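Participant: Sequences listed follow chains P and W, in order.
Quick note on my numbering: the first sequence kicks off at -4 and runs consecutively.
Quick note on my numbering: the second sequence kicks off at 40 and runs consecutively.
Keep in mind that the hints were calculated from the coordinates and are not lab data.
Treat the numbers as computed from the prediction; the structure is a model and nothing was measured.
Glycine included, each C-beta is placed from N, C-alpha and C at the ideal position.
Don't take every hint at face value.
Now the in silico label distances, taken between C-beta atoms and shown as ranges [to be verified]:
id : chain 1 : residue 1 : chain 2 : residue 2 : range
1  : P       : M208      : W       : N53       : 53 to 59 Å
2  : W       : I224      : P       : K87       : 41 to 47 Å
3  : W       : S291      : P       : N8        : 56 to 62 Å
4  : W       : S105      : P       : Y47       : 40 to 46 Å
5  : W       : M117      : P       : R94       : 51 to 57 Å
SDA-like mimics (lysine to any residue), calculated; alpha carbons at most 25 Å apart, straight line [unchecked claim]:
id : chain 1 : residue 1 : chain 2 : residue 2
6  : P       : K14       : W       : K167
7  : W       : K198      : P       : K221
8  : W       : K216      : P       : R75
9  : W       : K89       : P       : V19
10 : P       : K14       : W       : K89
11 : P       : K221      : W       : I74
12 : W       : K216      : P       : I142
13 : W       : K167      : P       : D71
14 : W       : K216      : P       : E2
15 : W       : K89       : P       : D3
Letter by letter, the chains look like this.
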Amino acid sequence: MSEMIREDGRKYNELRPIKIEAGVLERADGSAYLEVGGNKILVAVYGPRESYIRRLLEPNTGVIRCRYNMAPFSVDDRKRPGPDRRSAEISKITADALRPALMLENYPRSMVDIYIEVIEAEGGTRCAGITAAAVALVDAGVPMKDIVVGCAAGKVNDEVVLDLSEVEDKEGQADVPIAIMPRTGEITLLQSDGDLTEEEFQQAIDLAMEGCMKVSELQKEALMKKYSTE
Amino acid sequence: MDIVPEITRESITNLIINDKREDGRALDEYRDISIETNVISKAEGSARVKLGGTQVIVGIKPQLGSPFPDTPDLGVLMTNCEMLPMADPTFEPGPPSDDSIELARVVDRGIRESELVELDKLCVEEGKHVWMLFIDLHIIDNCGNLFDAAELAVMAALKSTKLPTASIVDDEVVLDKENTFDLPINNEVAMCTFVKIGDKMVIDPSLDEERVASARLNVGVTREGRICAMQKGGKYPLTKDDIFTAVNTAISKTKDLIEYL
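Just chain P, same shape as in the assembly (with noise of 0.2 Å):
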């Protein structure tokens, strides 16, 4: 792999600066906040509870739902309030991500929420998203084999690169975010768009699930810092 270094300094396999807090929010029965380079994101979960939408109720195994959501103010130009079609297949995805991470056999007839808003957006708010909702889960006390992180990795001037900026993002070649299960090493979220060719997609997995890795250390301090009796 080359020396190159990045528009914002970084090596190739650097990270953005990330910062996790477990438990932020008051009401909700679980919360965190991450801010990854300029990505402000917060998560809420509530569950699992009665569902109160009786047409997604199962009677065999709970149910999870997710609203990934961005604030007018976090894009440079004002975003209408309000679900698109963007948000709503990050939502989807989202829940598929870290639904195999969730016993709900044991919840039949019940509902895990998860709501996702994005405060502030610089690139890579989906994998963002998806590993503070992990983080929020854990703090909610819901019961999870794994804690599921998600990280990016992309090409930029014909260079496989992990974490893309918002820069990177519009100007590079392509873009691939995954999300897995740290201890087994599945993949429960991917996705791809651009231009690769096998071998590149290959380095872009490989890199991303290293990057995974390192986010993943990052989650535990930060529930350990929350958590731990010390």
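Dock chain W against chain P, hints included.
Facilitator: What follows is chain W alone, placed relative to chain P:
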């Protein structure tokens, strides 16, 4: 569905009849307040306010647009509120609820009627281009009294707002984002919210106090102690005395609140 246990209702009411509150405050005492400004670098103005456990984030985004036909030389203010489901287990996603619309409108009334934003200075070209200020309220934690927290947050965010300078070159608006100017503001306003429990008016209600209250009164007061906005809410009436007492307290408390800005 939000059911208040009878025992909560009784204990809160009994305390207040004896001039006491569950968290030890006086009837005219606020919870701890903290204000942080410039919390969103992508917004031209922003603030995060904590009032006890209640948390509100406000972001201000300007956009150039056409003025209203009856005020061709004035800028436009628009206040919008999202009561996020993360703030309260009973808030649901979707279009704004009645409560959310009321909150946005009452907060807006305080800002608008005090005429503290000099809208005439937000005109770029009369009849064609004016600045529209979008004030977006994000309610992230509801531990009671969203009104006062939101009004403080909007006020703090407005005071931190910087707009790019706009000029007309060849009939087109040119923005200079390097040269910004402070949003012209000539006053300050704060809101004091009371609820009636028993026969007492209680300032800055906690969530449980709100839930057992019979009525609510919001009073917006300017720096000079002039009343610029009011709203009564809740199922039951207020007496004239209740209202006069509340207004009197609000005028003295506003000075303290404005100190935080």
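Participant: Indicate, hint by hint, whether the structure satisfies it.
Facilitator: Right, here's what the structure says about each hint:
| no. | hint | verdict |
| --- | --- | --- |
| 1 | P/M208 / W/N53: 53 to 59 Å | 56 Å, holds |
| 2 | W/I224 / P/K87: 41 to 47 Å | 43 Å, holds |
| 3 | W/S291 / P/N8: 56 to 62 Å | 60 Å, holds |
| 4 | W/S105 / P/Y47: 40 to 46 Å | 43 Å, holds |
| 5 | W/M117 / P/R94: 51 to 57 Å | 38 Å, violated |
| 6 | P/K14 / W/K167 | 45 Å, violated |
| 7 | W/K198 / P/K221 | 35 Å, violated |
| 8 | W/K216 / P/R75 | 22 Å, holds |
| 9 | W/K89 / P/V19 | 12 Å, holds |
| 10 | P/K14 / W/K89 | 21 Å, holds |
| 11 | P/K221 / W/I74 | 24 Å, holds |
| 12 | W/K216 / P/I142 | 43 Å, violated |
| 13 | W/K167 / P/D71 | 23 Å, holds |
| 14 | W/K216 / P/E2 | 22 Å, holds |
| 15 | W/K89 / P/D3 | 34 Å, violated |
Comparing the model with each numbered hint stated earlier shows that hints 5, 6, 7, 12 and 15 do not hold.
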